[in-house]
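Chains as they are written, first to last, in full-length UniProt numbering: chain H, 1 to 742; chain E, 1 to 159.
Simulated from the structure, these hints should not be mistaken for laboratory data. The model shown is predicted, which means the values in this text are computed figures rather than measured ones. Accuracy of the hints is not assured; some may be wrong.
[Claimed, not checked] Taking lysine-lysine and the DSS-like style, the derived pairs with C-alpha atoms no more than 30 Å apart in a straight line are: (1) H:Lys-58 - E:Lys-131; (2) H:Lys-254 - H:Lys-78; (3) H:Lys-575 - H:Lys-559; (4) H:Lys-53 - H:Lys-78; (5) H:Lys-78 - H:Lys-89; (6) H:Lys-394 - H:Lys-78; (7) H:Lys-110 - E:Lys-32; (8) E:Lys-83 - H:Lys-58; (9) H:Lys-380 - H:Lys-406.
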Amino acid sequence: MIQTQKKSKNDLAAKVTGNTRYLHDMNLPGQLVGGTFRSPYPHARITRLDVSKARAVKGVAAVLTAEDVPHLEFGPTKYKDWNILAKDKVLFIGDEIAVVAAETREAVDKALSLIEVEFEQLPAIFDPEDSLQEDAVEIHPGVERNRPMHVLVNRGDMDQAKQEAHIVRSGRYHSNRIYQGHMEPVGVLASWSDEEGLTLWAASHIPYRARETYAAGFGLPEDKVRIIVPPIGGSFGSKYVLKLHVTSAALSMKTGRPVKMILDRSEDMLTAHPRVPLTYDIEIGAAADGTFLYKELTVYGDAGARIYWSPNVLATACTRTDCIYNFGAIKAEGHLCYTNSSPTTCMRGFGNAETLFAVESVIDELALGLGMDPADLRMKNIVKQGETTVHGYKLDTCNLDLCIDKAKEISGWERRNELPANRGLGMALANHVSGFRAIDPRFDGSTAIMRINLDGELEIETGEIELGQGMSVTYARIAAQILGIPEGGIIVKSGDTGRYPFGIGTLASRSTVMGGNAVMKASQEMQRQIQALATQVHGEGAEFRDGQVHSDGKAFTLKDISAWYRARHAGEEFKVKETYVPDTEMPDATYFGNPSPNYPFAAHVAEVEVDPDTGRTRMIGYWAVHDSGTIIHETMAKGQVIGAVAQGIGWVLMEDFQVEEGVVRNPSMMDYRMPGAHDIPHVDIAFIQEPDPNGPMGAKSLGEVALDPVPGAIANAIAHATGKRGTRLPLSAERVWNMLQS
Amino acid sequence: MHEHQLNLTINGCENKVSGDVTQPLADVIREKLGLTGTKIGCRTGECGACTVLIDGKPVVSCLVPAASAEGHDVVTIEELSQKDDFQRLVQSMLETGGVQCGFCTPGIMVTLWAWLQDRSLFGGDISSALKNNLCRCTGYQSIIAAVEQVIAEEGGTRI
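Sequences and hints are given; from them, build the entire structure.
Right, here's the structure in full:
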């Protein structure tokens, strides 16, 4: 464990005292307010659209419809199905038809109320399996069976494995829509000028992909779009790329004035892009001794009406869990389906946590059938250090076995057979990646620039994004450790495509390992260059250690070092720039390849008490053991684990983003209840810290692997408590009560 | 629109603001006075990000009509963060990891401060005190630990 030093100069202190300026807190001179006119129907042809009355409202600067914007092929993934405004057809409730910019909110609202539109309603589809039917209505022209993506994975001899299986367990599992629950509602501030191009202040944590996407939408060169990322008030996947950014840009381009759009919570929820709901048909077969022989999986993913990030979710859902257990033969088929609901997208742990809910549930059913302890059955089948998994993941470090042992120890797993009535203990395992090679087919990696300021402060610039996960303090600690300087003298800067180096962004649990490796390389290069400079200035006896140059009994600070450099380089600042390129492989067409520098693992145990009269589940305890290599910043690392567990508890027991025939039924925080302080038990955490050779200081990722096992662990605890297996999330009181009556 | 001149005492200063008497106090604080430490997460009193003190009690300022705050003492995070004894809570939050994205944090700090001043609020326990404040990042454990640390440093006595 690397010990804490002095408090950091980075983002956290400002947040605690209310000094952090989020997007909502920013304004530009001459700024207009924006608003959106949206489709009230899930699938309809626009037969008449008249915005003349809206344009005549006093204070309205622009009303844009499809006639006023380009119609180019664009979108954030390879499936380019976005538009800026709907041209002839709307595909979901909330689909954007027109946008307004005006001097005041009141003028915006009045203009929106005066837009005249007529529709011819079309048949709509809301169930992914319905959308696959041959006679289903076509949502996007030319997309066969409404299926933009079809995943097929086959490894091993499935027929033989099925013949050999002594025991088989199967089922149909559903994971639901989850609202990411970002406390800061979605918003944007857009500003166009002919000289600068388009500048967007937008809380995207993949700003370079957002820039590429939006530039394509307008037919602009990427360099003409700059995205400045203010501090992000929570995302968890909701703020990757958003149509709101594009429509506000169009308004600013039209009016030549800055346009700000902040959704209120109701519009944020009514137009939300929630976690992709997934339906699983799963079957796992095992030998009499518990050795897994095969896993067969069919997944249906509801993409909604356009592609945001759902293809990546589906691919993960079909493959990732095969790199925790050696299942033997593998077959997975995934269908990504268009429906007439609001597009769905990523949320923390995407694809993996959902599949694990199904997999871990079925494994517990197998354990029950075999009369084995579920922890022992897991231990028998897990992947091990040094192995290459069935999909090609190279496990330089894997301490899943130690995680299981430790989780048993700290949770008191031996109590499992002696628990009081209505109590249950459940275990689940998880893995994840630390970055994923296929995010950008062209390259992966991260760049860090490090400079010594005139006053001796060290600045680090990165293309990765702070989300509150602790990226900045982690990078500061890495640099502080290598250079021997206090963390308090280090500032980490990020979030501006016009100023800072290129970065893939904060997704796929990239920031610690990818950006951290770049910071480590830059720190090492800086150390080397300081030593060389010290030798040049003070001769061979000079030595750089503990953040200072020592020579002839004198010590020189970074401020002195900065001055030496500038004096010898025409006043130029002393800086280094280093790029980390991971030694990974692009997965092939069969999803085989080593896509990440390393892989974190976890074993979680949940203890619950289920009230048989109400079906309500109360969390009694929670234990999380993680193999994330070296923990660089223990405080923030624990915060990632506890926060993820809390989100998982909400997902399994409370949260259900209800969309019926395209209509959000619970668009408020009162009706969509997220966990409060009383809903979360104490979470006990342990880290197994073997340094990984590919991680900065030996670190692996943590932010998502901490959520991945939670649904499975709690579901298994409820099954243990009740003797009934819940297969549809959330396992709400009503659902569990009904299960108990069945 | 009921345009009126309002006299509001915010952070010890008398402020004359004009506007609709029913406008939310949160909007006056943020937009008229530029005190953006008070955040708006929902506008319906469900998230607690806009919590301020009115006569020492934590209140969600998005639900308070500005006119009803006349004659009362309104304190925001900006004022609290100037206080010497508030720094113990700040330091504890940083040490325990009670802050991540930070959007809910000013409202939570106001609530925690009020509870530390008067622990009979909310039935006496810190988890109950947080019932009006949502945090999506931390899972609350480190926030509660920060308060416990402040109390422990004070020898378990009232500060």
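> Would the pair Lys-53 of chain H and Lys-78 of chain H pass a check requiring their Cα atoms to be no farther apart than 30 Å?
Replying inline: At roughly 39 Å apart (the allowed maximum being 30 Å), Lys-78 of chain H and Lys-53 of chain H break the hint.
> Does the alpha-carbon distance linking Lys-58 of chain H and Lys-131 of chain E stay inside the 30 Å limit?
Replying inline: 44 Å, violated
>> Hinted pair, alpha-carbon criterion (30 Å max): Lys-380 of chain H, Lys-406 of chain H. Please report holds or violated.
In response: Holds. Lys-380 of chain H to Lys-406 of chain H sits at ~16 Å (cutoff 30 Å).
>> Just to be careful, I want the Cα atoms of Lys-254 of chain H and Lys-78 of chain H compared with a cutoff of 30 Å; is the pair within it?
In response: Measuring from Cα to Cα gives roughly 28 Å; hence the hint holds.
> Are the Cα positions of Lys-83 of chain E and Lys-58 of chain H separated by 30 Å at most?
Replying inline: 47 Å, violated
>> Against the 30 Å threshold, does the CA-CA distance of Lys-394 of chain H and Lys-78 of chain H hold or violate the hint?
In response: Answer holds: Lys-394 of chain H to Lys-78 of chain H is near 27 Å, not above 30 Å.
>> Hinted pair, alpha-carbon criterion (30 Å max): Lys-110 of chain H, Lys-32 of chain E. Please report holds or violated.
In response: Holds - the C-alpha atoms of Lys-32 of chain E and Lys-110 of chain H are around 23 Å apart, at most 30 Å.
> Do the alpha carbons of Lys-78 of chain H and Lys-89 of chain H lie within 30 Å of each other, as the hint requires?
Replying inline: At roughly 22 Å apart (the allowed maximum being 30 Å), Lys-89 of chain H and Lys-78 of chain H satisfy the hint.
> Taking only the CA atoms, is the gap from Lys-575 of chain H to Lys-559 of chain H under or equal to 30 Å?
Replying inline: 13 Å, holds
Checked against the numbered hints above, the structure violates hints 1, 4, 8; every other hint is satisfied.
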